[in-house]
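Trainee: As a plain string of letters, each chain reads:
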Amino acid sequence: MNLPPAPVAGTRPLSVSTGSPRGPRRSRAAVLGESVLEWVIRLCGISAILFVFGIFFFVLREGVGFLFGGLKLGEFFFSTEWYPTSLSNVRYGVLALIVGTFSVTGLAMLIAVPFGLGAAIFVSEFCSDRWREGLKILIELLAAIPSVVWGFIGISVMNPLIQEVFHVPVGLNVLNGALLLALMSVPIMVSIGEDALKAVPDSFREASLAMGATRWQTVRRVLLPAAKNGLLAAILLGVGRAVGETMAVLMATGHAVNIPKSPFDPVRTLTATIAAELGEASVGSPHYQVLFIIGILLFTITFAVNLVADLVVKGTAKG
Amino acid sequence: MLAPSVPPPPVRPRHPPKIQVRDLRLSYGGQEAIRGISFDVDRNDVFAIIGPAQSGKSSLLKCLNRTIELVPGAKQSGTITIDGLNVDELPSVYNLRRRVGMVAPLPVGLPLSIFDNVAFAPRAAGFKDKHELAALVEQCLRQAALWDEVKDRLHTLGTKLSGGQQQRLTIARALSHEPEILCLDEFSIAIDPVTTMRIEDVLKELKQRMTIVLVTNLVQQARRLASRTMFLWNGEIVEEGPTDVLFSDEPQSRKTYDYVNGIFG
Amino acid sequence: MATTFGETPFIRKKRRDEAIVRVVLGLMALAMVVPLLLIVGYLVERAWPLLSLDFVFTNPTHGMREGGVWSALLGTLYLVSVSLLIAAPVGVLAAVYLNEYAKKSWLTRIINLAVVNLAGVPSIVHALFGLGAFVLFAGMGRSILAASLTLAIMTLPVIIASTKEALAAVPLSFREACWNVGATRWQTIRGIVLPNSISGILTGVILQVSRAAGETAPIMFTGAVFFKRIEEGNPFAYSLSDQCMALSMHLFTITTQVTDAPKALPYATAVVLLGSVLLVNACAILLRLRLRARKKW
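Sequences listed follow chains H, L and A, in order.
Its first residue numbered 1, the first sequence is counted upward by one per residue in the working numbering.
Its first residue numbered 320, the second sequence is counted upward by one per residue in the working numbering.
Its first residue numbered 585, the third sequence is counted upward by one per residue in the working numbering.
FYI, nobody ran anything at the bench for these hints, they're computed from the structure.
Incorrect hints may have been included.
Below, computed lysine to any residue pairings styled on SDA-like, alpha-carbon distance capped at 25 Å [what the hints assert, rightly or not]:
#, chain 1, residue 1, chain 2, residue 2
1, A, K688, H, L43
2, A, K687, H, L307
3, L, K574, L, E555
4, H, K198, A, L622
5, A, K687, H, G212
6, L, K479, A, K598
7, H, K136, A, L756
8, L, K449, A, P779
9, A, K598, H, L307
10, H, K198, A, P779
11, A, K688, L, V390
12, H, K136, A, E650
13, H, K198, A, L661
14, H, K314, L, V390
15, H, K314, H, R220
16, H, K228, A, I604
17, A, K598, H, K136
18, L, K394, A, S757
19, L, K479, L, R517
20, A, K598, H, L311
21, A, K687, H, V36
22, H, K314, A, L786
23, A, K812, A, G610
24, L, K394, A, N683
25, H, K136, A, D844
26, L, K449, L, R461
27, H, K136, A, W632
28, L, K394, A, Y685
29, A, K687, L, R385
30, L, K526, L, G348
31, L, K394, A, L661
32, A, K598, H, K314
33, H, K198, A, L691
34, H, K136, A, L786
35, A, K688, A, P755
36, L, K526, L, V513
37, L, K394, L, S357
38, H, K314, A, V809
39, L, K479, A, L661
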């Protein structure tokens with residue numbers, strides 16, 4: 001069937017080894033190696049799923065004894081009494097810890113959301129290119145500071161500062177933790193928020209500016225509505241990060257199981273409790289198991305927050 | 320050759336056709352791009368496909384070398400045979416792609432040296448001999464009428480060439496795997512008329528050795544090069560036949576006349 | 585001036601509002617950045633009396649009240665390198681799968697979701713996982729290996745996300761050109777896609793290093809200890825099955841447990857940790873800026 005190509009005048013006919021359109025066969029080893037590699041790539045691809053399930057499975061596995069043994073759901077969620085090591089009166093109520101987590105997170109968001117979104121709008125819409133580059137690099141570096149360093153800053157810088165400014169006896173409290181968490185979660189808000197604003201087509205801006213609107217009017221009337229899903233996702237990811245933060249809140253919030261009545265009260269969060277007590281709880285004891293159950297609780301909260309953020313972003317992609 | 324008032328009888332080629340397309344349908348996520356077309360392409364011939372944008376020309380070429388499989392959401396039915404063999408049943412899609420050379424509308428210099436650009440396909444096919452490779456690269460660059468311009472800087476980046484040079488580099492790359500069929504998709508869209516004419520000369524030469532499928536936005540280019548032409552519109556064949564007939568004053572379809580004479584499209 | 589076109593009170597107000605907004609938003613952005621500079625400056629100032637090469641290269645002594653940070657620094661180096669060896673190949677290949685192989689399907693959607701969620705799992709939950717899976721279930725005990733594996737899984741999503749971004753920046757037309765000449769997917773990736781995204785991939789890997797170096801919670805219960813005596817000047821003083829000290833853990837310990845240490849000691853430790861992390865980050869940023877400047881297309 002295959003007629004050999006007729007040689008063209010002036011060009012050398014291709015030698016047989018180079019000439020077959022099918023090419024010389026690649027060596028069997030090369031073909032085999034490639035298919036093995038592609039399987040490895042596939043395996044790595046699905047590894048993320050395995051790890052997420054693995055985390056859930058192994059954390060639950062360590063805590064499951066408590067789930068079917070000592071767990072009293074009512075006490076667990078609605079009691080503020082956390083006496084896991086008491087000899088006479090063991091209590092595993094995590095309400096105070098949950099309230100602690102959300103009070104610190106909430107206050108942090110109260111500070112971080114306006115600043116984060118404001119910075120995102122500034123970087124994306126009001127800034128010259130040179131300033132933008134510089135600011136983004138600084139914000140990136142801000143994100144790189146390890147949480148234990150933040151915790152140290154909380155103890156060594158914020159603590160005396162809060163005592164001084166607000167005339168309170170102790171500076172390790174909700175406010176301290178919230179300030180740290182705000183600084184920690186702003187970078188992620190700025191970068192995701194900026195992406196969301198950048199995703200709004202330039203034609204929207206041009207159309208608005210052409211009608212004589214100022215930049216700010218454009219931002220408020222056109223960009224914010226158009227980018228609202230992305231900005232919401234930015235906030236949610238910031239919340240997720242704040243809820244899961246461990247070292248900074250462990251060091252800076254005063255470490256007292258307590259329902260806070262003011263920002264100057266010390267609290268303890270879910271994450272800090274695990275970090276502080278896991279080292280002392282003996283493996284397999286109810287105390288040890290309940291810490292893993294708290295881990296599952298944290299996993300579930302952050303999973304839900306991330307899932308919602310993802311769905312919200314996917315909503316933007318469609319709209 | 321011309322039959323002014325009577326539509327010409329279908330001229331069957333003497334040899335079995337090189338490419339046979341039967342009832343080809345293609346849709347992207349439910350939207351039909353090609354609506355059941357059938358045609359033959361003769362061996363060692365230039366077959367031109369003309370038609371306005373979005374008429375399914377480029378998609379058709381992608382079906383020929385099965386790169387359509389790499390487009391997310393594309394669904395194809397119908398058969399394409401080359402030398403009587405169904406392309407969907409070939410054991411290796413990579414061999415198919417080496418048999419069917421493809422030149423995209425916009426020139427793509429890979430971010431490699433000029434030499435490596437041309438040597439990419441032979442190397443991928445498992446070719447190692449340095450001397451043969453050098454000879455092959457030179458031959459392909461000569462065939463694409465680029466050799467004289469680049470022979471002193473084969474090791475500079477292919478992406479740094481001008482648009483017209485890059486397009487000839489693309490053709491050289493398509494020749495490097497010795498295709499039996501060369502598909503060109505609106506190759507002149509991004510280059511100047513002088514370069515276009517040079518490449519057309521190259522094609523006239525290549526036609527003696529391979530079958531050329533030429534998708535073009537310039538109807539006159541089809542007239543200059545092709546012996547048969549197909550007018551595709553909205554995924555359907557309006558008319559297919561000898562180029563002379565399509566460009567005559569009385570083609571089979573009024574639409575063809577209007578299109579080749581610039582009344583629409 | 586009276587004839588200036590369009591200078592009505594309304595427009596003047598608009599212009600004034602615009603200026604105010606610009607200043608307010610700019611201040612908000614600065615408010616996030618200035619503390620960084622102030623705090624870093626303050627830490628360095630307080631740490632100054634102790635900062636020297638000696639501090640970096642000597643072991644802590646006298647119950648961590650004197651001496652340097654060598655054993656902790658070396659431990660961190662071990663943890664970071666081992667976790668890098670594990671996370672970098674898996675992460676890069678996972679990103680290659682997602683960007684180059686995966687079709688648009690529910691599986692791809694779930695993988696992407698898993699990556700996002702993996703990035704959001706709190707570090708202390710990673711610690712619980714590492715303890716449950718590696719230390720206890722796999723029987724590695726508290727060791728550098730177990731801690732590094734925990735760190736690797738934690739930093740995996742960072743590598744996947746940045747690698748994916750780097751791969752996506754390579755134009756589709758290059759891939760199509762390769763497919764058209766009969767190259768396989770892997771030949772295309774190996775020959776064109778990876779060489780042209782390597783800088784972006786490296787940036788992501790470097791960021792992983794900086795993140796792993798700063799983490800405390802995941803290594804606390806999987807391999808890091810408060811104190812361990814090692815030989816000074818020997819870079820191979822730890823083995824994979826040993827427990828080790830780590831810089832981040834060391835800072836936590838001397839801040840919260842050792843109350844009578846000299847004032848400058850925790851500051852100096854914080855500066856060494858922060859300095860190395862920021863240095864690594866600065867490298868990543870420089871690399872990115874440099875390679876952005878000389879693109880090949």
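Trainee: Please go over all the hints and tell whether each is borne out by the structure.
Mentor: Hint-by-hint comparison with the structure:
1. A C-alpha spacing of about 17 Å is found between A/K688 and H/L43, which places the hinted pair at or below 25 Å, so the restraint holds.
2. Proximity of A/K687 to H/L307 is assessed by CA-CA distance (about 21 Å); at most 25 Å being required, the pair is judged to hold.
3. Between L/K574 and L/E555, the direct Cα distance comes to roughly 12 Å. Compliance with the 25 Å bound is thereby established for this hinted pair.
4. Restraint check for H/K198 and A/L622: not satisfied, since their Cα atoms lie roughly 30 Å apart, outside the 25 Å limit.
5. Annotation: proposed proximity of A/K687 to H/G212 is violated, straight-line Cα distance about 45 Å (limit 25 Å).
6. About 48 Å separates the Cα atoms of L/K479 and A/K598, which puts this hinted pair outside 25 Å; it is violated.
7. Straight-line distance between C-alpha atoms of H/K136 and A/L756 comes to about 28 Å, which puts the hinted pair past the 25 Å bound.
8. Between L/K449 and A/P779, the direct Cα distance comes to roughly 22 Å. Compliance with the 25 Å bound is thereby established for this hinted pair.
9. Taking the CA atoms of A/K598 and H/L307, the gap is about 41 Å. The hint is violated against a cut of 25 Å.
10. Straight-line distance between C-alpha atoms of H/K198 and A/P779 comes to about 28 Å, which puts the hinted pair past the 25 Å bound.
11. As the CA atoms of A/K688 and L/V390 are separated by approximately 10 Å, the hinted pair is consistent with the 25 Å bound.
12. Only pairs whose Cα atoms come within 25 Å are accepted, and H/K136 paired with A/E650 is rejected, the gap being roughly 38 Å.
13. Distance check on the hinted pair: H/K198 and A/L661 sit about 38 Å apart at the alpha-carbon level, beyond 25 Å; violated.
14. Distance hint between H/K314 and L/V390 is fulfilled; the C-alpha atoms sit about 22 Å from each other, no more than 25 Å.
15. Taking the CA atoms of H/K314 and H/R220, the gap is near 23 Å; set against the 25 Å cutoff, the hint holds.
16. This hinted pair checks out: H/K228 and A/I604 have alpha carbons roughly 23 Å apart, not beyond 25 Å.
17. Simply put, A/K598 and H/K136 have alpha-carbon atoms about 29 Å apart, too far for the 25 Å limit, and the pair is violated.
18. A hinted pair counts as satisfied when its Cα atoms are at most 25 Å apart, and L/K394 with A/S757 qualifies at roughly 21 Å.
19. Distance hint between L/K479 and L/R517 is fulfilled; the C-alpha atoms sit about 20 Å from each other, no more than 25 Å.
20. The suggested pairing of A/K598 with H/L311 is violated, with an alpha-carbon distance near 38 Å, which exceeds 25 Å.
21. For the proposed pair A/K687 and H/V36, the alpha carbon gap of about 19 Å is at most 25 Å, so the pair holds.
22. With a C-alpha separation of about 28 Å, the suggested pairing of H/K314 with A/L786 is violated against the 25 Å cut-off.
23. As the CA atoms of A/K812 and A/G610 are separated by approximately 48 Å, the hinted pair breaks the 25 Å bound.
24. Distance hint between L/K394 and A/N683 is fulfilled; the C-alpha atoms sit about 21 Å from each other, no more than 25 Å.
25. Distance check on the hinted pair: H/K136 and A/D844 sit about 40 Å apart at the alpha-carbon level, beyond 25 Å; violated.
26. Proposed proximity of L/K449 and L/R461 is supported: the alpha carbons are some 18 Å apart, at most 25 Å.
27. Only pairs whose Cα atoms come within 25 Å are accepted, and H/K136 paired with A/W632 is rejected, the gap being roughly 29 Å.
28. A C-alpha spacing of about 18 Å is found between L/K394 and A/Y685, which places the hinted pair at or below 25 Å, so the restraint holds.
29. This hinted pair checks out: A/K687 and L/R385 have alpha carbons roughly 16 Å apart, not beyond 25 Å.
30. Proposed proximity of L/K526 and L/G348 is contradicted: the alpha carbons are some 37 Å apart, above 25 Å.
31. About 52 Å separates the Cα atoms of L/K394 and A/L661, which puts this hinted pair outside 25 Å; it is violated.
32. With a C-alpha separation of about 36 Å, the suggested pairing of A/K598 with H/K314 is violated against the 25 Å cut-off.
33. Distance check on the hinted pair: H/K198 and A/L691 sit about 29 Å apart at the alpha-carbon level, beyond 25 Å; violated.
34. For the given pair, H/K136 sits about 19 Å from A/L786 by alpha-carbon distance, which is consistent with the 25 Å threshold.
35. Only pairs whose Cα atoms come within 25 Å are accepted, and A/K688 paired with A/P755 is accepted, the gap being roughly 19 Å.
36. Simply put, L/K526 and L/V513 have alpha-carbon atoms about 20 Å apart, close enough for the 25 Å limit, and the pair holds.
37. Annotation: proposed proximity of L/K394 to L/S357 holds, straight-line Cα distance about 17 Å (limit 25 Å).
38. Simply put, H/K314 and A/V809 have alpha-carbon atoms about 43 Å apart, too far for the 25 Å limit, and the pair is violated.
39. Restraint check: the Cα-Cα separation between L/K479 and A/L661 comes to about 43 Å, which exceeds 25 Å; the hinted pair is violated.
Of the hints listed earlier, those the structure fails to meet are numbers 4, 5, 6, 7, 9, 10, 12, 13, 17, 20, 22, 23, 25, 27, 30, 31, 32, 33, 38, 39, in rising order.
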